[in-house]
Amino acid sequence: MKYDVVVIGAGLAGMTAALKSLIEGRRVVVIAAGENTLYYASGSLDLYGGKENPWAAVKRLESERPDHPYALIGTALIEESFRFLMGELETVCPYQENSGENVWVPTSLGGFRPSYLLPNGQFPAVSLKKKKVLVVGFSSYRDFNSRLVASGMVSRGCEARAIDLDLHYDKINCNSIDLAYYFDDHWPDLIKSLQETAKDVDCLAFPAVLGLNNFLDIHQNLQDALGRPVIEIPTLPPSVPGIRLSRAMLARIQQQGAEVIKGFPVISTRVSDDICLGVYIDTPGHPRYVEGDSFILATGGILGGGIVVSEKSVDEKVFGVPVEVPVNENQEYPYARCGLKANKRLQPLDKDRKVLYRNVFCAGRILGGYDPDLEHDGAGAAIATGYKAALEAGRGDS
Amino acid sequence: MISVTIKTGVLVIGGGITGAGILWDLALRGIDAVLIEQKEPAYGATGRCHGLLHGGCRYLVKDSAVAAECYRENKILQSVAKGAIENTGGYFVQVKGDDPGYVEQWLNLAGKTGIPVKEIDIQTAIKEEPLLAVQNIERVFTVPDAAVDPFDLTLMNLTGATQRGAKVFTNTRVEELIITGNQIRGAVVKDLASGESYSIHADIVVNAAGAWAASIAAKAGIRLNMKYGKGTLVVFAQRLTKRVINRLRKPGDGDIIVPAKSVCLLGTTDIPVSSPDDLDPTAAEITKMLNIGEEMFDHLSEKRILRTFAGIRPLYTGDNNNGEQNREISRGFAVINHEKDAVDGFYSIVGGKLTTYRLMAEQLVDVVAEKLGVKNPCQTAETVLPQPVAGQVKLAVEEPMLCECEQVTVQDLERACELPFCRDLHTIRKITRLGLGPCQGTFCIWRAVMLLYENQRISAAECRQLLQEFLAERGKGSCFTLWGDQLKQYELARGIYLNNFQLGDAADEI
Ligand SMILES: Cc1cc2nc3c(=O)[nH]c(=O)nc-3n(C[C@H](O)[C@H](O)[C@H](O)COP(=O)(O)OP(=O)(O)OC[C@H]3O[C@@H](n4cnc5c(N)ncnc54)[C@H](O)[C@@H]3O)c2cc1C
Ligand SMILES: Cc1cc2nc3c(=O)[nH]c(=O)nc-3n(C[C@H](O)[C@H](O)[C@H](O)COP(=O)(O)OP(=O)(O)OC[C@H]3O[C@@H](n4cnc5c(N)ncnc54)[C@H](O)[C@@H]3O)c2cc1C
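The listed protein sequences derive, respectively, from chains A and B. The working numbering numbers the first residue of the first sequence as 1 and each following residue consecutively. The working numbering numbers the first residue of the second sequence as 1 and each following residue consecutively.
Since the hints were made in silico from the structure, they are not lab data. Certain hints may be false.
What the hints assert, rightly or not - Straight-line C-alpha distance at most 25 Å; calculated DSS-like pairs for lysine-lysine:
(1) B:Lys371 - B:Lys39
(2) B:Lys488 - A:Lys312
(3) A:Lys2 - A:Lys199
(4) B:Lys371 - A:Lys312
(5) B:Lys75 - B:Lys303
(6) A:Lys312 - B:Lys303
(7) A:Lys171 - A:Lys192
(8) B:Lys242 - B:Lys167
(9) B:Lys39 - B:Lys62
(10) B:Lys375 - B:Lys96
(11) B:Lys488 - A:Lys317
(12) A:Lys262 - B:Lys488
(13) B:Lys39 - B:Lys167
(14) A:Lys312 - B:Lys288
(15) B:Lys219 - B:Lys75
(16) A:Lys354 - A:Lys341
(17) A:Lys199 - A:Lys129
(18) A:Lys354 - A:Lys344
(19) B:Lys488 - A:Lys341
(20) B:Lys303 - A:Lys317
If we strip away everything but chain B, and leave its shape as in the complex, we get (with noise of 0.2 Å):
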């Protein structure tokens, strides 16, 4: 038997950038919604991506058009959600032997889109970013990206929308849409927690479920074109870069280096799969983007690797679908009405990129809005968000404190416990950063667990089963670049927790 257990005017599907905009916009405009999310907060390809807040340059020969969009939007985004965004600023780097008819053309676009780009000299580049590999480099010119924490821009949008009455409901799966006739009614929905099944009845549902979009759409009997792309990052210890670093040609893998707080990220690559879910980062991949980023930057292979993993572009191939090759798929993104397709009050919105979130929940919420009647305007570019829960600098204070690396305090673990859609570890380290650095988590994930079970929001066997899913995570992410002193770091953690805690093999227990 379902129960009935909640009534809402829209109903949204995925818990990413664009579904948690979407929500924000909603709630903004006092429309009643909620948010389901199968896993956690910026499980899809938010929390997978590079982190890149685009200043539009990158899509410059492309597409100038989604450039001039990156740009407005890359702008908004640094007056209203400033707690997620460092404005670090980038460089476009010309390596010898790229295109020099590449560089001209993309600097006759910069100038007709207005995107302010200007040439420094080599020496300049040198001594503000070290690492560029000199006896490489042609030119060099500054760009207004920035980078952004995916995860903090997501929290951000949920508990701004949570403290405006939204609701979001965290590892519970849409299973199935609810149609009579031609008109939605709502989801069944699974909390996977308790295993427990309910339904949501909702004047419109929005499948804002990222490269899941076409799985969704399925449940409706709508087919949507999308092609996946698996992009893989590689994280290393430290900042080697002041600001973001791209390669000045034509997008390829590995020419871009993002500083992320106390780590970076280079990327990317972009290898055609056949599911949302092939997740897997392969050796070769790695050591493709190694060697490629080697030509920009000096010594780049000796940098201690952190870990390695992959997230999914999803590209919607609208009707044509002619089997280019997934780079040249345009990175716009499409609102679709499926009255269309004969389902009323159906949306998905597909295809975009992070930097052009609001953007597309503005597009979406007006069609939306203008379908309940209501008549209020999109306020999301010019409120300003609420700041991340975690990560405030804390020197001056000495705080109680789980994680070393990443400086997350007993504080910042119970502050983000307190939010409505944290539910499990996986959030609490999004939300704070928890086990990122160069630990891993070795130490303070077990701090982690001993706090949790102090403040009894787990059991005894959960603190168990909890640091196993944590040891299987860290081996995912480790086995590709098991080198160096981080793979010292991986024999010790593996020493602590097999060997002392003995989690490998509990059926040997007395």
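If we strip away everything but chain A, and leave its shape as in the complex, we get (with noise of 0.2 Å):
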């Protein structure tokens, strides 16, 4: 069977391509050889940057960094990219309006952080300013303390102060989605333990850890029967809201049609000329041919298994496309900014600037010209070029 479009890699930009690609009524098959790098990440969408308005850096960028993904895309696109997975996600993962500007969500760290568009129960600090906020932790989950994070929150402005509640749980050493999932059922209990201390504050933080598969339903109840808002922080990972949103987003796919071969790594190619004709997976017994119009490279960046670095050289392994490591003015981390090049419709370049192959559009981390650890580009980069490149497999250039 042949595909109209291959989908190489199940982070957030291949899934934003994938269901692009679907909704424009296209035949998708995504191959991933794993999970992704949301797993890591908070949940929280990043635009760009910190204090500077993050529309407006991205005009700058344009103009001033030419090999930034968001140079590549445009303003207008990426509007429209978000406005499209926002919507998509609206009934399994939903996300919270933004005006246009970033805003900052505590940590873990009793500090905060820039971000963008929020999932349901990340909140803003300035929504928290003269708030009584109560910190609630866990005593057995020791990667989240309660009283860091309202220390924090009091030297923002929060009145805030920490609890920590003794589960009934019986594993001694437990992280966030042993606790996610202990709260998809026994998520009542908090009501009980919190129900009286709630009624003297405005409102309750947590951990990111409320519930796995029926977050949307724990959260609604628990604000209905405590009568306050609820908020999660995101926590040292396994990121929880970062696994909701992969999960909801592979679910939708999978929903819409589209196969998904899971666990199993693309391994080589068949190309004609600049033409890819189908790629192999290594799958057990024998490498599985599959055939396609358009392939969608989003096999991530180095954490995420697309770039891989050995003593000696530094490869992209699926399609051989040469990987920029630009000399790097941060020395802290050479690799901060490297990976593949691409034209303006992500088609992959090879050392001379040429077209490698028409009908190849790389997405998300792959691409080099970024670094989202200091800039907060992560999770827009990879909205914008997946849904940039899912335009562009659909156009059909083979």
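Starting from two chains that each stand alone, build the complex the way the hints lay out.
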């Protein structure tokens, strides 16, 4: 069977691309080696930077940094891509409207980080100002310290205090996911423990562990029962809000009729001149061959597995596209902005800036020219380039 | 104004293995003593060494007296410092192309010195150590080498000494020596945490500052001729060998692998440097070592590397300074009585090895005891040191865990914090091995910081600062081996701390 669009990689970029392709009516297959970087990310979606208005920053990047993925996409399409994804997620993993400015979200370190779109449950710090916040921790969950978070909020003008609940939970060592599964069933315990204390506060803040499968219901029920807003603070990975987003997107993709092949990497390709005909997947027994009209390469960066660094070389393994490692003014980490080079259609370029494959389009962290960790543009770049790649793939170039 | 706060019999400068061993020896002889360390215990060469408890074989050809000394001390430490030692045994391996004449000379001297060396057939050796490059190997010998944890060994000596009344001040630097006439009177020290200076009065001052010994002596106007050799080590994410494995040739770069708890270390190099603080490895050194290592071990450079670091070998050149290559200078040690330099009561101890620290301490304390008129003999060869604080096997009980890689529990951290000389995260990490495994602290340093905050040992601002320091230090340890899975691990840590916790750019916060 031949697909219209073969998406390689199921991170935020690949899944956005798949969703857009499906909505456009294409036959789509998504092939993913494994889970994605959302499992570590906070679940809030960054657009760009901190204090500067992010849209102004995007405009600035278009002229100052032509290699930045945003410069390849342009403001209008970035906005369109965000609207598209928010629409798709509305019922399964809703995000809150944004006024066009960055918002500052509390962190587990008692600080704040800038972001753009927040999932239900996360709140900007300004909305907490002057409020009485109760930060709730769990004594068996040592990745989150309620006092530390409360002290950070106090230093920013909230009246926060902390309590720790003792869960009747038999694991001595638990992480965020353990707790999230626990609360999928045991969330009513929270109401019992907090009903009285909640009366004295304006809002309750929890580590982001309030359920994995039923979060939307749990969140609503908790707010209703406690009569107060309930907020979640992103934690040390694994990130429950990130996993919720990832699962919601994958479910949506499957619901829209895509085939998903997960757990096996793409190991090689069949090409004819500058056209890719198909890819081989490392399935048990013998490799499986998948044919397609267009291919979206969204295998992530170094962490995602799209870029492989050995002692002697830096490689993109699926198509062998050369990886740029720009000389870095920021000596702290030489690979911060490394990645593939693409044209405005997101086709991969070789060293001479020539299109390598006409029907391959690159999206997400596999692209070079940006550093999500310092710039706060990871999700934005993934969504915008994923969306754009789907548009280009839909044009059918082969 | 400097206020006198402390009086003691002997002031020991330097909290490396030499200083710690001296403090333990003094305490056992009932001599009142204080030890001052500018950073944390084992900050210097001790914490940056290879962890090979020499059986002596490496030095047979060069200096068989030193070899015999190592062998004797090795046996003593196996009985008194069990908790810090893993008796792995060792192989000496002759690789194709290595000088067979050297091997014959070596064998001959082993016989004469009485160090038990036995040839085994290559098939047995390969079965035991499958990483050995079979096609390259000529001969293999078993030797009495062992692995020693230098952190544990230092901390056990310090713990034993403090249990017997000695005092240890970490994060405290000796600033000046106090000398009146020809007589040493003590030192002015500075608590680096509070910034406060005070003086310690002592009858005797012992300079055990390792590579920094010359700068301490200089404070008394005395010149110590020292040379510095930088040695770089590569830490792999697993134990690649069961034993210590040594190349059987004239000692050179990259020819030893030492297993160390859950990891193993390849080393070293020896590059002349001009100062004890010249601590940065270079990419070229690491490539060179991996290449040499590949002659003895298959696929070595494909193995996951956790980090690299370097230490400085302080070599006392005595009075003749004729520009020999560093490795040629004797590894023997010297106890120097500075009475000859017109400062009475001041002693320096320089050179030596981790393996021979006990003997060095014994010889120095013999001199000091005589000076003080104390008759008690040395007891360190018979007295068993206290067990290490952390790191006991805990398979049976499920305890709250901080560090999955190194199996460090909440209790381990709490016990470490209770030690009198434990003042910072560096010391905690040396005591517990927290963050030294494959994830290199990505998760457990966070948990440790949360716990320290919970126990009110640090403030919210210090949480941030500790994590920042940790990231910076980790960046330094990883920067020459950024590849493979360990690079992914590095990206994950960078994402967590810079992206999610906004540690890079505090100024940008609201
Ligand atoms: C710790 C951390 C925290 C972050 N926090 C935030 C945040 O809070 N907000 C934000 O906006 N951004 C954040 N980012 C950045 C952002 O998460 C990433 O930039 C973004 O998710 C990357 O998405 P991606 O789809 O390009 O790649 P990935 O999510 O890495 O997905 C790559 C996919 O490709 C698959 N794959 C790889 N190789 C192959 C192959 N050969 N064959 C088949 N499949 C393959 C992988 O299995 C995976 O499914 C964070 C990043 C990190 C590391
Ligand atoms: C790379 C390398 C590998 C080695 N491998 C081995 C091995 O495998 N086996 C072996 O037996 N030996 C080995 N050695 C040798 C061994 O490490 C040293 O001989 C031994 O650790 C020296 O201990 P020390 O206490 O004398 O010095 P150090 O450990 O350097 O201690 C000196 C201490 O003095 C402190 N200090 C300095 N100035 C001041 C001041 N002004 N005030 C207060 N404190 C001060 C320093 O902070 C330091 O902690 C190796 C050495 C190196 C460099």
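Structure-based check of all given hints:
Restraint check for Lys371 (chain B) and Lys39 (chain B): the C-alpha separation of about 30 Å exceeds 25 Å, so the hint is violated. For the hint linking Lys488 (chain B) to Lys312 (chain A), the alpha-carbon distance of about 16 Å falls within 25 Å, and the restraint holds. For the proposed pair Lys2 (chain A) and Lys199 (chain A), the alpha carbon gap of about 60 Å is over 25 Å, so the pair is violated. A distance of roughly 60 Å separates the Cα atoms of Lys371 (chain B) and Lys312 (chain A); the hinted pair therefore is violated under the 25 Å criterion.
For the hint linking Lys75 (chain B) to Lys303 (chain B), the alpha-carbon distance of about 33 Å lies beyond 25 Å, and the restraint is violated. A C-alpha spacing of about 14 Å is found between Lys312 (chain A) and Lys303 (chain B), which places the hinted pair at or below 25 Å, so the restraint holds. A distance of roughly 21 Å separates the Cα atoms of Lys171 (chain A) and Lys192 (chain A); the hinted pair therefore holds under the 25 Å criterion. Between Lys242 (chain B) and Lys167 (chain B) the alpha-carbon distance is near 38 Å, which puts this suggested pair outside the 25 Å criterion.
For the hint linking Lys39 (chain B) to Lys62 (chain B), the alpha-carbon distance of about 34 Å lies beyond 25 Å, and the restraint is violated. Our distance criterion of 25 Å between C-alpha atoms is broken by Lys375 (chain B) and Lys96 (chain B), whose separation comes to about 55 Å. The straight-line distance between the Cα atoms of Lys488 (chain B) and Lys317 (chain A) is roughly 16 Å, inside the 25 Å bound, and the hint therefore holds. Straight-line distance between C-alpha atoms of Lys262 (chain A) and Lys488 (chain B) comes to about 21 Å, which keeps the hinted pair within the 25 Å bound.
Taking the CA atoms of Lys39 (chain B) and Lys167 (chain B), the gap is near 15 Å; set against the 25 Å cutoff, the hint holds. Pair hint Lys312 (chain A) plus Lys288 (chain B) holds up; C-alpha atoms about 14 Å apart against a cutoff of 25 Å. As the CA atoms of Lys219 (chain B) and Lys75 (chain B) are separated by approximately 38 Å, the hinted pair breaks the 25 Å bound. Our distance criterion of 25 Å between C-alpha atoms is met by Lys354 (chain A) and Lys341 (chain A), whose separation comes to about 10 Å.
For the hint linking Lys199 (chain A) to Lys129 (chain A), the alpha-carbon distance of about 18 Å falls within 25 Å, and the restraint holds. Proximity of Lys354 (chain A) to Lys344 (chain A) is assessed by CA-CA distance (about 12 Å); at most 25 Å being required, the pair is judged to hold. A distance of roughly 21 Å separates the Cα atoms of Lys488 (chain B) and Lys341 (chain A); the hinted pair therefore holds under the 25 Å criterion. At roughly 20 Å between alpha-carbon atoms, Lys303 (chain B) and Lys317 (chain A) fall within 25 Å of each other, so this suggested pair holds.
Checked against the numbered hints above, the structure breaks hints 1, 3, 4, 5, 8, 9, 10, 15 and satisfies the rest.
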